[in-house]
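Trainee: Residue numbers (the working numbering), protein chains in the order written: chain A, 1 to 366; chain B, 1 to 415.
Among the hints, a few may not be true.
[As the list claims (entries may be wrong)] In the DSS-like style, the derived pairs of lysine-lysine whose C-alpha atoms are separated by at most 27 Å in a straight line are:
{"id": "1", "chain 1": "B", "residue 1": "Lys-59", "chain 2": "A", "residue 2": "Lys-316"}
{"id": "2", "chain 1": "B", "residue 1": "Lys-59", "chain 2": "B", "residue 2": "Lys-184"}
{"id": "3", "chain 1": "B", "residue 1": "Lys-137", "chain 2": "B", "residue 2": "Lys-184"}
{"id": "4", "chain 1": "A", "residue 1": "Lys-20", "chain 2": "B", "residue 2": "Lys-231"}
{"id": "5", "chain 1": "A", "residue 1": "Lys-316", "chain 2": "B", "residue 2": "Lys-77"}
[What the hints assert, rightly or not] A few chain A residues that face chain B, going by a derived Cβ cut-off under 7 Å, partial list only:
{"id": "6", "residue": "Pro-14"}
{"id": "7", "residue": "Ala-18"}
{"id": "8", "residue": "His-36"}
{"id": "9", "residue": "Thr-71"}
{"id": "10", "residue": "Asn-75"}
{"id": "11", "residue": "Ser-95"}
{"id": "12", "residue": "Gly-197"}
{"id": "13", "residue": "Gly-216"}
{"id": "14", "residue": "Glu-219"}
{"id": "15", "residue": "Gly-225"}
{"id": "16", "residue": "Gly-229"}
{"id": "17", "residue": "Val-294"}
{"id": "18", "residue": "Ala-296"}
{"id": "19", "residue": "Asp-298"}
It is worth saying that the hints were derived from the structure and are not from the lab.
All C-beta atoms, glycine included, are put in the ideal place defined by N, C-alpha and C.
What follows is the residue order along each chain.
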Amino acid sequence: MTERIYFDWNGHAPLVAAAKAAMCEMLALGNASAVHADGREARRHIETARRVLADSLGADSANIIFTASGTEANNLALHNARGRPVLLAASEHESVLRPALEQQAILFPLDSHGLPDLLGLEEALTRHPRAFVAAMLANNETGVLWPIAEIAALVHRHGGLLHCDASQAFGRMPVDIDALGADFLTVSAHKMGGPLGAAALVLARDQAIVPLLQGGGQERGRRAGTENGPALVGFAAAILDGYRDWQKTRRLRDHLEDIVREVDPRARIFGEDRARLDNTTCFALSAGSGHSLVIACDLAGIGISAGAACSSGTVKPSRVLQAMGVDEATARRALRISLGPTNTEDEVSRFRQVVRERCGMLESAA
Amino acid sequence: MRGSHTQVRTNHPQLPIYMDYQSTTPCDPRVVTAMLPYFTQHFGNPHSRSHTYGWEAEKAVDQARAEVAAIIGADEKEIVFTSGATESNNLAIKGVVNFQRDRKRHVITTVTEHKCVLDACRHLELEGSKVTYLPVKKNGLVDLDELERAITPETVLVSIMAANNEIGVIQPLAEIGRICRAHKVYFHTDAAQAVGKIPLDVNAMNIDLLSVSGHKLYGPKGIGALYVRRKPRVRLEALIHGGGQERGMRSGTLPTPLCVGLGEACRIARAEMASEAERLRQLRDRLLSGIQARLPDVYVNGDLEQRLPGNLNISFAYVEGEGLMMGIKNLAVSSGSACTSASLEPSYVLRALGVEEEMAHTSIRFGLGRFTTEQDVDYAIEHVVEAVERLRQMSPLWEMAQQGIDIKSIQWAEH
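Starting from the given sequences, assemble the full structure and let the hints guide the process.
Mentor: Below, the structure is given as structure tokens:
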């Protein structure tokens, strides 16, 4: 069997070597809240990790709240809407959407590329002043980038607060909290080469936070629970010494899209002429089901994704695409390929073979 | 790092000696070995349903889930992975009460619970629930009659820890479970300190919810679990919403390596619990008798029989706690709970036992564990005896006590 090919980096990015090394060293250390030497050593490493993350975002390390996942960070942000009306688009990640809908959120419309209709947003902001707006920087399914700074200015003009989920973008493109203008920012380690189990909610300025988890007063009372020292240290190592050259995935991505257009001229590539993450493509072939291509790819040793990796396991049409006005049948055929810096031209060629065989079969069956 | 301390005195082990196993435990090297492949080779997202990478990770998570279930006699479908016991406790307590909030909203707990249980309860009180904080007896155990009397038709949940983090006392879980079941009240137990240390069986003990911590049983930090009974079903409201992982009870990508680590830690603990408990009990008794043989006025806090084998909490009269901590700095121990040990407030657990403030201040928690040796214990005895004797020689209170003056009878002048 040939080497397997991993094309699902938006689901999870493989741990980078530097992070693994840093974590192994840390696994033996003590509880960071204990006062003895082992505990102090662990505390020092965690505070260093906090500074590394803060520096990389242009934030103050006092305003970093470490959490166990991006999902938890998003939930914590939405937990702090505190009675403000919540505004967001239906293309947000489930971990933003679900807690928002628990608070009777108001949805604002998207255009066919998955970008917010800024006039529609402004109208919503006028009707719901002092709103809490959630806007993701890079969409996990399509990779489409939102104009967060522009949205922030709009939100602040109407006395609102902005939360930005930058889980997919962080570590892959520059993310600066001031440049974005967000009041709350979610970043996650395992999408950029860091370990699972480390993420953060970052605040633009020091402010009171209502915690989701109460207890020992860790994270300045904003998130209780013994710190996951090894994961945080791995996160920092991935920031300092992680994957480089995410930009180079763009050439491979463009090549993949050429292949898609070549085998199926009527294929639809979502957000193709909009600003996107370099590594992501989301497309729907004109016929056949998305799942059969996923299965064909898996049999050929290539891991790709139909929509986002979540828990459902059910074959549901992509919610993100439907929010962009894509019809259900097309949404069902959608596939996501997300690349990483270690993918190669050879791997893309192998994908081409699989797709050509698959599409050839579809043609002969028709 | 521990391994880097090469200073070895004659007949003495490597320093400092780690005796804070109730605060956290080092990862067992076997656990680390089990985890490592899931960082790099089998790195898939366990929720990816479209490729082998995801399936491999999911399989590993399921195996780990079965191990966690096995150590408490549960079914694997009843295990929800969380980021740690703090989250498990928050999820159990707020989750059950919030689900039932329109019907019943009275919770019973004890004053010696871990801070995260007490804080979660306080949060519920702010939201309009009623909470009864049961006192404990002098030995740290809950009074079962008092518990039964506290239950009202409004009671939805009883949350009582399995083993205390400071004094190691083990609550009568089976009896508590029987009372709760008879009154149709959910029973949650924070078993962060108990899992893998003492036998636990959720069915025999009628436990409906049980919190597990990874890093207290030689597993990794950042992972824990909550057992949620299926028959009869316990319903709860999630704290963290999103992709619907863990059957909607806890969203977020599962950290495969950490889940695998917790599973392996449970597997090892299940295989070795009996022999390890016996070994630790002997070490603990050696430590206590070694100190008591050479020092008068030493008091054990909490019941010595109903107690974790690796825990010893003792107060040394006539010395100051901070002075003692400084005097035994070659021993990594705690004075009060590690979570709050940055503050110098006397331990609320010891105060609840009726230990006087002075004595609570002079308490030291020795936590022995898997890698503690006889040599470590003998060194600790020497070190503690030496430090206490030195401090007592400097203490005017000790001098007075030696002269037969009852210190409590002295009327101190107000400054």
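Trainee: Please go over all the hints and tell whether each is borne out by the structure.
Mentor: Outcome of the hint check:
1. B:Lys-59 <-> A:Lys-316: holds, 23 Å
2. B:Lys-59 <-> B:Lys-184: Violated. B:Lys-59 to B:Lys-184 sits at ~36 Å, over the 27 Å cutoff.
3. B:Lys-137 <-> B:Lys-184: At roughly 25 Å apart (the allowed maximum being 27 Å), B:Lys-184 and B:Lys-137 satisfy the hint.
4. A:Lys-20 <-> B:Lys-231: violated, 41 Å
5. A:Lys-316 <-> B:Lys-77: Holds, because 24 Å separates the two Cα atoms, which is no more than 27 Å.
6. Pro-14: holds, 5 Å
7. Ala-18: Not OK, violated: A:Ala-18 not within 7 Å of chain B, min 12 Å.
8. His-36: Interface hint status for A:His-36: holds (4 Å vs cutoff 7 Å).
9. Thr-71: holds, 4 Å
10. Asn-75: At 5 Å from the nearest chain B Cβ, A:Asn-75 passes the 7 Å test, so the hint holds.
11. Ser-95: Holds, about 3 Å.
12. Gly-197: holds, 4 Å
13. Gly-216: Holds. Min distance 4 Å.
14. Glu-219: violated, 11 Å
15. Gly-225: holds, 4 Å
16. Gly-229: holds, 6 Å
17. Val-294: For A:Val-294, the interface hint holds, since the closest Cβ of chain B sits about 4 Å away, which is under 7 Å.
18. Ala-296: With a minimum Cβ separation of about 11 Å from chain B (threshold 7 Å), the hint on A:Ala-296 is violated.
19. Asp-298: Since the shortest Cβ distance to chain B is 5 Å, the answer is holds.
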